[in-house]
Amino acid sequence: MHKTKFILASVLLFAFACVGAHAQDDKVIRSIAPEATEKLLQDMKVEFKKSSSKKGDEHYFDFTRNGYKVRLTQYSPEDMMLDCVFRGAPIEKVNQWNTYTRLSRASYHKDASGEFCILEYGLDLSGGVSTGAVKQLITRFDEELKKFDKFLGNANDDIVIADVSDEKVENVLKTMAINYQKKKNNAGVMMFDFEMSSFKIRLYNFGGKDLMMDAHFRKIPLEVANRYNLNRKFVRVVNYKSKDTEYTALEANLDCEAGVTEGALRHWIVSFGEDARHFSDFTKKLAAADK
Amino acid sequence: MNRTILILVALALIASTSAVSSQDKEKDKVFRSVANDTVEKVLQSLEVKYHKEERKEKDTSVMFFEFKRGDQAYRLFNYVNDLWIESTFEKSMKAEDINRWNADAKFSRLVQVQQRDKTILSLECQIDCLGGITEAGIKQFVNRFDEEAKRFSKFK
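The listed protein sequences correspond, in order, to chains A and B.
In terms of this note's numbering, the first sequence is residues 204 to 494.
In terms of this note's numbering, the second sequence is residues 4 to 159.
Just chain A, same shape as in the assembly:
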């Protein structure tokens, strides 16, 4: 008897929790404060970086979704837009997309670095929308990004690349809207320098068979480096001494000998950006503790 009551109570509790969660998502809003947008993103477990315009009237939330760098701009409490930059998209393709799609729109641009386009997806809240619809905007944009990438002929996430040529690396960086500089070192290894999560990152291509990324930081003690390595996955921190300086490098390698997919390459690059941010926070805490 007690067991039946307990089960009934649990079922009711679960039902109330579900209704509560739905009720939250069904709440109709006509505007949203930037703090509420932050909370919404946190609820969706989206890690973002927030910034605001000089006047303080526009707010930007930058985050990565499935390897795409996305910006959510809140122009006003009633008006928000998601966008993502794609490099190397010709104007014909952009126009074709705009005639074919219903939800998002693409705009064509050209600057010193070449052609690019911005895929945009806006939401006007002033007529009244549910908070669930705002969440859906982000989820739906994920799908739009994949579709658009595929439309441009870039998204070959599951195709195994046997030989990761420099061109393949460049293509991946371009589709991630990463601006890079490339040069060869004395040993003939191609290096791609770019910024991610505001860290300077260098990607080395060792003949298409293995890739490596590194980012440099202020030197930390070796014992601390060991402790860091013990607690992290996929990366290692190493201390180096060059002619006139000592530093700690965060490194990650990707073995491409058996082939690698474009999706894996993108994921590896994005994850390293997150790792760089994590290690930077770690060193900052370390410096604060030293003081």
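The set of hints was computed from the structure by calculation and includes no laboratory data.
We put the beta carbon where it would ideally sit given N, CA and C, even for glycine.
Misleading hints may appear alongside valid ones.
Taking CB as the label site, the calculated pair distances span [what the hints assert, rightly or not]:
#, chain 1, residue 1, chain 2, residue 2, range
1, B, E56, A, M394, 36 to 46 Å
2, A, K230, B, D40, 40 to 50 Å
3, B, Q75, A, D484, 35 to 45 Å
4, B, K157, A, A315, 44 to 54 Å
5, A, D314, B, K52, 44 to 54 Å
6, B, T63, A, Q245, 42 to 52 Å
7, A, R308, B, V65, 20 to 30 Å
Assemble the complex: chain A is given as a structure, and chain B must be docked to it using the hints.
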């Protein structure tokens, strides 16, 4: 008669071609989460005898596979979205030497682990599968680490 033989040969050829192509498809299948069966399949293809066990962690459990290649013992953990391989050595090393290995290595890292009664060295490597990995990629991960461990056994 000759015609019948010719048809039979052609059919056999088609059957073997499609079997090979389905094997190739399987080999190139991209996983974003790795099943324990897949890990076992890879280990079997490497002809290693393994022992599998489940380790209970805080809120979850993880399957690990222990095996030997030559004299070297390995432990491969399947965290589903990533794989972790390690080989431990009952010795300690100066922090400078550990750093020297890490500076030189590509597909492993060396860490010193302080256990209750002893200090050990763990040579380890992890691979993130969330972006996609094939069976060939997992096989390469194990083989590459084997090379690293062999190289480390000669490291002074």
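So, going through the hints one by one against the coordinates:
no.	hint	in the structure
1	B:E56 - A:M394: 36 to 46 Å	43 Å, holds
2	A:K230 - B:D40: 40 to 50 Å	45 Å, holds
3	B:Q75 - A:D484: 35 to 45 Å	36 Å, holds
4	B:K157 - A:A315: 44 to 54 Å	51 Å, holds
5	A:D314 - B:K52: 44 to 54 Å	60 Å, violated
6	B:T63 - A:Q245: 42 to 52 Å	23 Å, violated
7	A:R308 - B:V65: 20 to 30 Å	45 Å, violated
Comparing the model with each earlier hint shows violations of hints 5, 6, 7; every other hint is respected.
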